[in-house]
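Knowing the structure of chain A, use the given hints to seat chain B with the ligand on it.
Taken in sequence, the protein lines are chains A and B.
Heads up: the first sequence is residues 8 to 425, going by the working numbering.
Heads up: the second sequence is residues 82 to 229, going by the working numbering.
I should point out that these hints are in silico values taken from the structure, not numbers from a laboratory.
Glycine included, each C-beta is placed from N, C-alpha and C at the ideal position.
One or more of the hints may lead you astray.
[As the list claims (entries may be wrong)] Keeping only pairs whose Cα atoms sit at most 35 Å apart, straight-line, the calculated DSBU-like set for lysine-lysine is: (1) K169/B x K223/B; (2) K192/B x K98/B; (3) K98/B x K223/B; (4) K161/B x K223/B; (5) K192/B x K169/B; (6) K389/A x K98/B; (7) K389/A x K223/B; (8) K169/B x K98/B; (9) K192/B x K161/B; (10) K223/B x K418/A; (11) K418/A x K98/B; (12) K98/B x K161/B.
[Said to hold, decoys possible] Computed far set for chain B versus chain A, every beta-carbon distance over 10 Å: (13) P108; (14) E133; (15) A147; (16) H177; (17) T180; (18) E222.
[To be verified] Chain A regions said to be covered by chain B (calculated; three or more residues, Cβ under 8 Å): (19) 309-319; (20) 380-388.
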Amino acid sequence: MSVSVSEARAVGGSLDVDRLRADFPILQRPMNGRRLAFLDSAASAQKPQCVIDAERACYEEYYANIHRGVYQLSQRSTQAYEGVRRTVQRFINGADEREVVFVRGATEAINLVAQSFVRPRLQAGDEILITGMEHHANIVPWQMIAEATGARLVVAPVLDDGRLDMDGLRERISTRTRFISVVHVSNTLGTINPVEDIIELAHQQDIPVLVDGAQSAPHMPVDVQAMGADFYVFSAHKTYGPSGAGVLWGRLEHLEAMPPYQGGGDMIRTVSFEETTYAPPPQRFEAGTPNIAGVIAMGVGLEYIEAADREAIVAHEQSLLGYANERLAEIDGLRVIGTAPHKAGVVSFVLDGAHPHDMGTILDMEGVAVRAGHHCTQPLMKRFGVAATVRASFGLYNDREDVDALVDGLKRVREFFG
Amino acid sequence: MSDLRELYQEVILDHNKQPRNFHGIDPHDHEADGYNPLCGDQIHLELRLDDEGRIEDIGFQGQGCAISTASASIMTETLKGHTVEEAKALFDRFHHLVTDDHAEPDPSLGKLGVLAGVRDYPMRVKCATLAWHTLQAALDEKGEITTE
Ligand SMILES: Cc1ncc(COP(=O)(O)O)c(C=O)c1O
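Isolated chain A, as found in the complex:
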């Protein structure tokens, strides 16, 4: 491929954030006359130039449909697309590149596992265990198959500080538990869950586990083998790649045992009107023409993260989180929701007398982009007795100036809602 990843690298174990910021064209554009403080990477991350270039280069230089033509363009596209499986395998330390299925994102990956892996194993009275801090994408697909089969959705509770209640989880694993699906890092609370411990517990009873890595893949080293996961899913748009692409990683033996999710072209071996035989994984799960350029650009986004050095990203985002907690304490009446000791760079909060929506508008006018709402975790909002929160979340390009802009903006909120 003709695209190279930026020179941005960790210098002496710490990120050169100014250098990284320069890779993101959107961060160079002012917002309402100010420097943009983009604090919503948990919803979707901004894109570095190399990702944008990769998508453009695909279309400008070698685009054609994959797995079909014998002509050179198709071969190049196919190679670039298929090459991303190795990138993903390395990125999450999978055992085999055939374990990497390209999907539209975390949501589609979870639905795929629910329909193709879990649903056929369910009988009335069986249980699927999730946690109280799941994104709607890791609740609704399970509800759908539970409803269709007469199975039950069981929910492990969340403690007051936003930690998962591990005793509560243990108690809820029963002889009827057929599957566990758990978020690695909560998009609302920032809590990092002890997924290794959960998987160990589950495997003692031969219960497979899906880890929703939408918020862990962009922010920390991930090793699916060390973790022991059966399935791990994430979305490219949060790993500095394009939207509409993502990954389902599953152990090969599981994928091989699974029926297809959708039928169509590219997922078959032979088709006649009497009988169709399916291609092996991962093609079995990739019916139809996929997001070719998107997948290729996703690979470049992952390489960008690797080049920046994930340990350095963790250290940087942890330091920002500490700084944010310190500075937010200056604001009277501000309450952080989610104060687990083991947290990623996500800070949700409410402020006495000011609704999150109003805060969001005022902060926006000050050039600060945050999310205000329920963050697709309505049950969790209910658990903490709030209708909505403001959420600031960090990416590798954020710095202390962004946190200062947030705090200044909140002081402005106080002028209106004292």
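Chain B with the ligand alone, transformed into the frame defined by chain A:
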């Protein structure tokens, strides 16, 4: 974009802090629930019509941002004594005011005019109209509405 002071006028901040008619109406003959899924705002509206079809009493409960709370508060204040037809006509004019960039000031809207600044914030128009959509649902006996 315009100045924040134009959006968050004193009248709005005041109605947010001390919403008028923030209670149920007992007895009432119309009610509805309004919900904005985007931000979680919720409103429950109750009202009673008199023999001539005028809004005799109206109140709301629920939780929402300053714009939706102030809008509901000012709406209930404005509507007392108006007929159903007048209320619907007011909604049309109010909707025009908060959605049309070129809307002229409309003196007949009275205090509702303070919400005109919302039109510079398209994401917030639904906050300003939630109470009104809920009113319409109550009058049409629809029971509940969402702003999607
Ligand atoms: C924890 C978590 N899971 C799942 C998802 C769904 O991801 P997508 O919308 O990219 O499919 C998100 C995205 O917000 C998320 O934060």
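Now for the hints, and whether the structure bears them out:
1. K169/B x K223/B: Distance of about 15 Å is within 35 Å: holds.
2. K192/B x K98/B: holds, 17 Å
3. K98/B x K223/B: holds, 30 Å
4. K161/B x K223/B: holds, 21 Å
5. K192/B x K169/B: holds, 17 Å
6. K389/A x K98/B: At roughly 24 Å apart (the allowed maximum being 35 Å), K98/B and K389/A satisfy the hint.
7. K389/A x K223/B: Holds, because 26 Å separates the two Cα atoms, which is no more than 35 Å.
8. K169/B x K98/B: Cα-Cα ~27 Å, so holds.
9. K192/B x K161/B: OK: K192/B and K161/B at ~14 Å, within 35 Å.
10. K223/B x K418/A: violated, 42 Å
11. K418/A x K98/B: holds, 18 Å
12. K98/B x K161/B: With Cα atoms ~21 Å apart, K98/B and K161/B stay inside 35 Å; holds.
13. P108: With a cut-off of 10 Å, P108/B remains clear of chain A, as the shortest Cβ separation is near 29 Å.
14. E133: Non-interface label stands for E133/B: nearest chain A Cβ at 38 Å, farther than 10 Å.
15. A147: violated, 5 Å
16. H177: holds, 22 Å
17. T180: holds, 17 Å
18. E222: holds, 27 Å
19. 309-319: Violated: only 0 residues of the region 309-319 of chain A have a Cβ under 8 Å from chain B.
20. 380-388: holds (count 4)
Checked against the numbered hints above, the structure breaks hints 10, 15 and 19 and satisfies the rest.
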